Amino acid sequence: MHAGRHYPLKHVILWTRRETFAFAVIAAVPTVLYATGWSWITVPWLPIALIGTAVAFITGFKNNASYARLWEARQIWGGIVNTSRSFGVMACDYLLQEPGLCGPAVDLAAARDGLIARHIAWLTALRFQLREPRAWENIGLVHNAEYRRYYQIPERDNDYLGIELGKLLTPADCAAILGTKNPAAQLLAQQSHALRDLRERGFLSDYRHVALTDALVELYEHQGKCERIKNFPYPRQFATLNLLFVWLFIALVPLGLLQEFSKLGDGFVWLTIPAGVIVAWVFHTMDKIGESTENPFEGGPNDVPITAIARAIEVDLREMAGQKDLPPLLQPRGEILM
Amino acid sequence: MHAGRHYPLKHVILWTRRETFAFAVIAAVPTVLYATGWSWITVPWLPIALIGTAVAFITGFKNNASYARLWEARQIWGGIVNTSRSFGVMACDYLLQEPGLCGPAVDLAAARDGLIARHIAWLTALRFQLREPRAWENIGLVHNAEYRRYYQIPERDNDYLGIELGKLLTPADCAAILGTKNPAAQLLAQQSHALRDLRERGFLSDYRHVALTDALVELYEHQGKCERIKNFPYPRQFATLNLLFVWLFIALVPLGLLQEFSKLGDGFVWLTIPAGVIVAWVFHTMDKIGESTENPFEGGPNDVPITAIARAIEVDLREMAGQKDLPPLLQPRGEILM
Amino acid sequence: MHAGRHYPLKHVILWTRRETFAFAVIAAVPTVLYATGWSWITVPWLPIALIGTAVAFITGFKNNASYARLWEARQIWGGIVNTSRSFGVMACDYLLQEPGLCGPAVDLAAARDGLIARHIAWLTALRFQLREPRAWENIGLVHNAEYRRYYQIPERDNDYLGIELGKLLTPADCAAILGTKNPAAQLLAQQSHALRDLRERGFLSDYRHVALTDALVELYEHQGKCERIKNFPYPRQFATLNLLFVWLFIALVPLGLLQEFSKLGDGFVWLTIPAGVIVAWVFHTMDKIGESTENPFEGGPNDVPITAIARAIEVDLREMAGQKDLPPLLQPRGEILM
Amino acid sequence: MHAGRHYPLKHVILWTRRETFAFAVIAAVPTVLYATGWSWITVPWLPIALIGTAVAFITGFKNNASYARLWEARQIWGGIVNTSRSFGVMACDYLLQEPGLCGPAVDLAAARDGLIARHIAWLTALRFQLREPRAWENIGLVHNAEYRRYYQIPERDNDYLGIELGKLLTPADCAAILGTKNPAAQLLAQQSHALRDLRERGFLSDYRHVALTDALVELYEHQGKCERIKNFPYPRQFATLNLLFVWLFIALVPLGLLQEFSKLGDGFVWLTIPAGVIVAWVFHTMDKIGESTENPFEGGPNDVPITAIARAIEVDLREMAGQKDLPPLLQPRGEILM
Amino acid sequence: MHAGRHYPLKHVILWTRRETFAFAVIAAVPTVLYATGWSWITVPWLPIALIGTAVAFITGFKNNASYARLWEARQIWGGIVNTSRSFGVMACDYLLQEPGLCGPAVDLAAARDGLIARHIAWLTALRFQLREPRAWENIGLVHNAEYRRYYQIPERDNDYLGIELGKLLTPADCAAILGTKNPAAQLLAQQSHALRDLRERGFLSDYRHVALTDALVELYEHQGKCERIKNFPYPRQFATLNLLFVWLFIALVPLGLLQEFSKLGDGFVWLTIPAGVIVAWVFHTMDKIGESTENPFEGGPNDVPITAIARAIEVDLREMAGQKDLPPLLQPRGEILM
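Chains as they are written, first to last, in this note's numbering: chain A, 1368 to 1705; chain B, 1368 to 1705; chain C, 1368 to 1705; chain D, 1368 to 1705; chain E, 1368 to 1705.
Next up, chain A with everything else stripped away, as it sits in the complex:
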């Protein structure tokens, strides 16, 4: 997430410089041909404008969907914050020594801290899983790869899941989790087994046991929603359509401009080149911004800042449990917060 006012104009220009050059070539070729006598190489502007409107529609539609995906991703992580805090207060205040029940003694504070540590482990596993690459993601494209000089992706560049989990779980639990297909999902199952254990030892009534399990059910929902956005891209049939239409339009624009400028006089046709570049740049950049938004967990600068959110949750939960040596909140680097 960019955490400032705007991306600098310089970054935008650098980020779009490759295709801007292509637009110039696409506009220059017919212009030169026209100037050398192929005066038939023009098309009336009006049908092109109609195609332009159609392109604006589908690009608008795609940007809408991209924005919705990003915003939903942020909502889900908002939900993770909320359920985590709720789970935190329940872990603090639902473990009681029931008068009517008795079981082997257990240190309630240790049980509480264990639940909280395993919860943080779940957050850690989840953010590592969400930042794994997918075939349709754009972060590997040359203009995006180049931009990685301005920020870092903790889950790929610095940290390792095994080490992070090792700080939070017992070695046995950690090993068991790392061997599964979906570590985050199995961490919640471990959490559920721990609650059953507390129930059997008499520190949870049936009713509070179910209330705590309901929090786990909600966490599964949040995780599943994240996985849905991660694993189900903006439909590739629409993306293919967009790609084809935008470039078809960009190829047609200079032909239409040639005709409009040629009406003004012969010297004017050379204005086709800058004008064509501007129109192409507007439509293509509109599309490209949408594309850079549609995968909110790809490790790009427009990602939902899940590393920072996970850290903030950790601080809140440890503060609730009265722990002291809290890690610092994460700050943006170069205006990018991950």
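One or more of the hints may lead you astray.
Treat identical chains as interchangeable: a pair holds within one or across any two.
With a straight-line Cα cutoff of 30 Å, these simulated DSBU-like cross-link-like pairs (lysine-lysine) come out [what the hints assert, rightly or not]:
{"no.": "1", "residue 1": "1377", "residue 2": "1548"}
{"no.": "2", "residue 1": "1548", "residue 2": "1691"}
{"no.": "3", "residue 1": "1630", "residue 2": "1377"}
{"no.": "4", "residue 1": "1691", "residue 2": "1377"}
{"no.": "5", "residue 1": "1691", "residue 2": "1630"}
{"no.": "6", "residue 1": "1630", "residue 2": "1548"}
{"no.": "7", "residue 1": "1377", "residue 2": "1534"}
{"no.": "8", "residue 1": "1597", "residue 2": "1691"}
Worth flagging that the hints you see were computed from the coordinates, not collected in a lab.
If you're wondering where the values come from, they're calculated on a predicted model, not measured in any experiment.
Given the coordinates of chain A, work out where chains B, C, D and E should sit on it, guided by the hints.
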């Protein structure tokens, strides 16, 4: 679901080649007539542009609705993932030997595994039911049938419901289920009878019995939502309107282009044919992509990948229950994941 | 609901023939006047195009709202399916002889079947209430009344509420219900009284009593949502605006076309008539399709198929309860499913 | 709510006659100036069309928001219907003489009727509060005030809150409620105190006590949502923008039309006046209809019919409780249902 | 929130005067150049109109998103009202002396008042946290800073969190809270500890304890949703795009107008300046209004009035608990309600 970056251009061209030929004919006929002297066969472009805008509106509207149907379908299956995992942890940790109650002994692990196996049977029945054909679906159209060379539909091409259920249920349960009108719905009813049985034997308290039944209620909701999308098509009155308007527009476009090109000079009118094909192709393909998206369970390459999701759920649940010999996750074939 | 691929072109033409004739007259009058010398009776096309865009906006808006009403109606009935199935499994598996409580003996199977029969009675009353006429509905308009030759509305043409309820309820209950202002609402109240009775006889714990009542609460929600759509039309102020704008636009179009065609030469002005009819037909039909969609319970061919859904629920519930002589599922007649 | 097919054309004309006159003046002034020689007072149509498109966008946006506000208001009152019916059946069937508890005797039927009467009192207080005036509402504008001859607002014209509550509550309760800042909110608090009282006397278990309180929680939600729509207008910054843009556009239209008509010949410029009025009327009326919809509780003819809905709830609840002398349902007066 | 009918025209003009001057310069430069002979400095209008349409699309899209953010913020605070009232009635009526349990005596009224005071403290902390500045907010821009002469932001201008909390909490609690990273979140954790204490003293059953905790869970949800809107701006990649496109369009408009006006005659080109200013002003102001809406907690005049809502909640809750000396409701100052 296409699991790559884009459909190849070659596929798009092949997939639209039949109507592209039709557009050429539709554009050629008035052009030839014009060239042979029927110079009155032109229409001013502006009213056609207005119809084009209206067509863009209703096509955009339809694509919006198609996308919403696809996305909702994916959300529902995301919900099935979540509720399945929740049901899994409850099946593992809610069956307890209550201190205050006593009933005949039962193997809790066997009861748990039975619940999980029946759940997987429900997933299986559901995906078979969702992939049955409907009158309004497009998968049988020639351009889509042809495309089936690139992928396979497990529920139609390889597997059989009876055999799949036979691996998961007792023969008596299996036979009873296969005789009903809606096997998936009756499998959940069987699940509910099993819970009642566990309740009566004293392994579930009233409270946990209701909590597990609530999970079944959620599964009924997911199933009902899938059936809603499966059985209630994009309203045929709107689909009829779209079909008529798009073709009416395609028929009018060459008449308008003739007039625009004839202004440039007589030789230019022949450009009507390529220009007409391009405009028609843009509007028709936009419509056709929507049509290929509106039925997310028809067995097409743009389907929600329900076979793969069901398999992933199976793996998660068996891993939770500590089972070992897990089946592999499904991978895309030719970039199509089913 | 139309359950095929498309409405036949012939039906569309017949269904719109009256206003098509009107459009021809509206376009012919100024054309003839123009041809007889009133050459001032033209208007520049551009302002008309702007009004056309505004009309396209508000018609698109209305079709959006109509579609949303239809889709919500179908969602509600999907919800009715889900809650009905859930209520069915609860009726089967929540009635137990509690160990700690005792009351007069009752046949649990009879209690279960009574709950299910009353539920089907509720479905029946609801669909009769939803298919009653309202002042703003379109089913009585001549083009729609004419179309009723292709299908039948069971709740109006063949069946009677009193007879249908008589098959499901005791004569006393039936008489009491038929005397109330809102039979469906009071049937759920009867259902609630029956649950209280079962609670007092000791076959329901407090907890399961509330769980079953919660299902009734959900059914009230579904019923209330249906009544909202039934009793609150698409706001008449917007509908009035649409009607005025569409016809104002239709009246202006020929004046603008006259000017455009007159630029091409004098003979061309007669093309105003077919062109005017086409433009008018496109905009008016777009509006009319929306109007035919906005009341999803009016008994039209685009209705939500509530008779068929209610029958499917009946079959599912009776199958759950192990009943045998099940009625058949309803099939479309002439591609219309009611 | 208008409960017929359409507002009569005559009403629309009368309702918009003032600004129509203004449009004529605005169009006439530049036309006359032009005719008297100020031929420079024209503007090319195309930039004006672009502004027109922008105006259509923001007006469409506003009408969207207005419709959403109206529809949400109706949904909330649909929710009030549903929760009221649920509360009704709970009031009937949740009050029991618990076997394990005992308290002082109380007439359960009287308790039930008291709960229902207080609920109706809440509905009454709520609809009076919602129909109080706000600074941004339009009902006081001259064209709307004039329209009040066609209908009546019960909460302002005929009834008084104190009298209505006096029929439903004890004098002490009534006096206490009328002294508070938010009578409806405090009525629900009274209802909660009554439930506590029933709980302490042993007629409600802990579990059913909470279930009934949950219904109150839902009623608070409905009330709060109504208050949100009542107290938070369509944002005035957007409304200001709309007002400025529509009138700016209306002022520019005649300048553009002058140029278009002057192309046709000198006599044609006088057509600027009717054409300008039509364009202005279309855009302004579109805006004005939205404005008349955006406050659904202002006491206008497009209000949600909360008086009628409240009455229907009263009838349903009293019928559930077996009461006889029911008041009649409210009917539209002059097609307006309040 | 502006609580009147419209912002005065004078305020709008003052608020936009700086950029209006810039538009005049941008339009004047090419006009003067043209007049001095650079007659090639024109561009055909049609491609500019297409860019204008694209700009209208993305601005409309942004305003949509801004409105959605504002409206969601208001919905969340509506939810805070609802949950607060519910929490209020539960604090009043759920604290009981259970017959089956016994613990040390406590003054139930004091416990109730303590819960309510801590709830008000939470509201206070939340509104202070929400009104802290963020890097992307607009309140510091010169035209907005200037506007602060018309209203005041209580959380920045007059009040201090420490003093406000000191009136509501014990000194120990207050000190503990002020030392944490997120005081509002920790206040709810304190509230939860207080409930645990009441549970252990026997004044809450397990069931009512969980019901009250569920209210805290809901409050965490409301807080988390507010923080999501506060901490996650309208995506800066889209905002950057908007900024660039609007200014690019503004720079191109005079070039297109020059060409249109030059067609009318040489003197007409000077009309480019006022016309260019008007078009630029319309598009830029549309964008700027959206920008002033997108951060609903920045302390601007279009904020959600959270100070006033928090006060209204305080009054309702104290009235429920029978307290007397209530503070007054807040009124708008200069039509701005904060």
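Hints, one by one, checked against the model:
1. For a Cα distance limit of 30 Å, the shortest separation of residue 1377 from residue 1548 qualifies neither inside one copy, at 43 Å, nor across copies, at 36 Å.
2. Within a single copy, residue 1548 and residue 1691 get their C-alpha atoms only as close as 35 Å, which misses the 30 Å cut-off; across copies the closest is 12 Å, which meets it.
3. In this assembly of identical chains, residue 1630 and residue 1377 lie within 30 Å of each other by CA distance neither inside one copy nor across copies; the values are 35 Å within and 38 Å between.
4. Taking CA atoms no more than 30 Å apart as the test, residue 1691 paired with residue 1377 passes in neither setting, with 44 Å inside one copy and 55 Å between copies.
5. Within a single copy, residue 1691 and residue 1630 get their C-alpha atoms no closer than 76 Å, and across copies no closer than 76 Å, so neither meets the 30 Å cut-off.
6. Taking the shortest Cα distances, residue 1630 and residue 1548 never come within 30 Å of each other, neither inside one copy (66 Å) nor across copies (67 Å).
7. When the C-alpha separation of residue 1377 and residue 1534 is checked against a cutoff of 30 Å, the pair qualifies neither within a copy, at 42 Å, nor between copies, at 52 Å.
8. Taking the closest pair of Cα atoms, residue 1597 and residue 1691 come within 30 Å of each other only across two copies (27 Å); inside a single copy the shortest separation is 35 Å, beyond that limit.
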